[in-house]
Every structure is written in C-alpha cells, then in structure tokens.
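**Q** To get our numbering, take the position in the sequence shown, counting from 1, and add 543.
Hints are supplied without guarantee of correctness; some may be wrong.
[Stated by the list, open to error] Here are the simulated SDA-like pairs of lysine to any residue, each with C-alpha atoms no more than 25 Å apart in a straight line: (1) K631 <-> T615; (2) K628 <-> I588; (3) K631 <-> I604; (4) K631 <-> L576; (5) K550 <-> L576; (6) K628 <-> P584; (7) K628 <-> T615; (8) K550 <-> L573; (9) K623 <-> I640; (10) K628 <-> I604; (11) K628 <-> D598; (12) K628 <-> V585.
Because the hints were derived from the structure by calculation, they are not lab data.
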Amino acid sequence: MDTPSNKPLFGLRVLVTRSREQASDLSTRLIRLGAEPIEAPVIRIEDPEDWTSLDQALAQITTYDWLIFTSTNSIDQFFKRFFEKALKVGALASTRIAVVG
Numbered sequence: 544m545d546t547p548s549n550k551p552l553f554g555l556r557v558l559v560t561r562s563r564e565q566a567s568d569l570s571t572r573l574i575r576l577g578a579e580p581i582e583a584p585v586i587r588i589e590d591p592e593d594w595t596s597l598d599q600a601l602a603q604i605t606t607y608d609w610l611i612f613t614s615t616n617s618i619d620q621f622f623k624r625f626f627e628k629a630l631k632v633g634a635l636a637s638t639r640i641a642v643v644g
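My request is simple: use the sequences and hints to build the entire structure.
**A** Quick look at the structure:
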C-alpha cells in the first residue's frame, strides 16, 4: 500500500528555487515522493537588453575549440539566438561542447 508515510520524502519540506516556468514539474515530482514543495523562485529567465556580445561570439563560432554551458537555461538562450541568426548546426562540427548542470 502506498500511503504518504511510506514515501521516501514524507514529512520533508523542500524549497524549490527554480524559475516559475520550471518549478511546477519539480514540485509535482516532489509531491509524488511525499515532500511538501515550497516554490520561491530566485531567478527569472529573460532575454538580455543587448545581444551584442553573443552576436559577436556567434559571428566567430567556427573559431572556438570549446563551448561550455552551465545550465539548461544557457543552452536554450544560446540556441534560440543561434537559430535567429540563421546559423547552421554544422558550424559547431569541430567545436567540443561541455555541459554542467
């Protein structure tokens, strides 16, 4: 029988600091495991006021040895702009990609 007290996170409160758009999926999973999630977003994901630095980097993308992403949000923002600039994935063929997070 799957009672609340049998769940591995029963009785725990978990602070979820992800953005509002991302918090609900994690909160739902925590509830299924018996936790009480408390959503308190500490970040907001939005476009920068000025894309100049990324646009300059994208213009030279074939010269980079490595791309290092530190979050799923950075990947989303990078490729959003990458495709807006009509770049092709082949431009990354000789670039190594590392992901943290």
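**Q** Each hint needs a verdict: does it hold in this structure or not?
**A** Going down the list of hints, with the structure as the test:
no., hint, result
1, K631 <-> T615, "20 Å, holds"
2, K628 <-> I588, "20 Å, holds"
3, K631 <-> I604, "11 Å, holds"
4, K631 <-> L576, "42 Å, violated"
5, K550 <-> L576, "5 Å, holds"
6, K628 <-> P584, "31 Å, violated"
7, K628 <-> T615, "20 Å, holds"
8, K550 <-> L573, "10 Å, holds"
9, K623 <-> I640, "17 Å, holds"
10, K628 <-> I604, "12 Å, holds"
11, K628 <-> D598, "8 Å, holds"
12, K628 <-> V585, "30 Å, violated"
The earlier numbered hints that this structure contradicts are 4, 6 and 12.
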